[in-house]
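Peer 1: Each residue of the sequence shown is one higher than the one before, starting from 1 at the first, in the UniProt record's numbering.
One should not assume that every hint holds.
When the alpha-carbon atoms are kept at most 30 Å apart in a straight line, the in silico DSS-like pairs for lysine-lysine are as follows [to be verified]:
(1) K92 with K71
(2) K117 with K162
(3) K126 with K71
(4) K162 with K126
(5) K117 with K92
(6) K71 with K129
(7) K117 with K71
(8) K24 with K71
(9) K117 with K163
(10) K8 with K24
(11) K162 with K92
(12) K71 with K163
(13) K163 with K126
(14) K129 with K117
(15) K162 with K71
(16) K92 with K129
(17) K129 with K163
(18) K163 with K92
(19) K92 with K8
Hints are computed from structural coordinates only; laboratory data are not their basis.
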Amino acid sequence: MTGFERRKDIVNRIRNSFAPVSGKALAQAYEVSRQVIVQDIALIRASGYDIISTNRGYILNTPHTATRIFKVRHTDEELENELCSIVDLGGKIVNVMINHHVYGHMEAEMNINSRRKVMEFMEDIKSGKSSPLKNITSNYHYHTVEADNEETLDIIEEMLRKKGFLVENSEAVL
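Let the sequences and hints guide you as you build the complete structure.
Peer 2: This is the structure we're talking about:
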């Protein structure tokens, strides 16, 4: 296992643990010294992870959020309605993704979490700077949506279904 792989696994181990993970336990798990773990934690922190050292071990300070990927389909005229509906219910549109038959998987970061950001995005689209990615896949696309909890995502999913934006499993697959 390379150092990079070990550090990636350390982050996952700490993230998925319900209790702090001790440096001693990490050192034993990876068959390295405690000092190597201390250096790994420093490198992990430098890469942007907020790892906190406690007297019982390491914890990852992350906001507690839930994410879900929704497959949706709508027209250009319905785009603003879709985005505003998601943020109004407490969701953050993390990205947009498509699976094109020729070009393959394409993804773009969005990070839209307010009506103001929806309006900025819509202005960019309306100004002709770009066109929605969904337009190259007959309006089919995916959004990763983040919210405070699963219940909020359930509400967003139901809203997408009621508005006819949600692509159900029985519909065409792209």
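Peer 1: Are the hints correct? Go through all of them and say.
Peer 2: Now for the hints, and whether the structure bears them out:
1. K92 with K71: Distance of about 15 Å is within 30 Å: holds.
2. K117 with K162: Within the cut-off at roughly 24 Å; holds.
3. K126 with K71: Holds. K126 to K71 sits at ~24 Å (cutoff 30 Å).
4. K162 with K126: 27 Å, holds
5. K117 with K92: Measuring from Cα to Cα gives roughly 10 Å; hence the hint holds.
6. K71 with K129: Given that 30 Å is the threshold and the Cα spacing comes to 25 Å, the pair holds.
7. K117 with K71: Given pair K117, K71 holds - Cα atoms ~21 Å apart, limit 30 Å.
8. K24 with K71: 44 Å, violated
9. K117 with K163: Holds, at about 21 Å.
10. K8 with K24: Status holds; Cα separation ~18 Å.
11. K162 with K92: Within the cut-off at roughly 19 Å; holds.
12. K71 with K163: 13 Å, holds
13. K163 with K126: 23 Å, holds
14. K129 with K117: Roughly 16 Å separates the two Cα atoms, so the pair holds.
15. K162 with K71: Distance of about 14 Å is within 30 Å: holds.
16. K92 with K129: With a Cα-Cα distance of about 23 Å, the restraint between K92 and K129 holds, given a limit of 30 Å.
17. K129 with K163: 28 Å, holds
18. K163 with K92: 18 Å, holds
19. K92 with K8: 26 Å, holds
Checked against the numbered hints above, the structure breaks only hint 8 and satisfies the rest.
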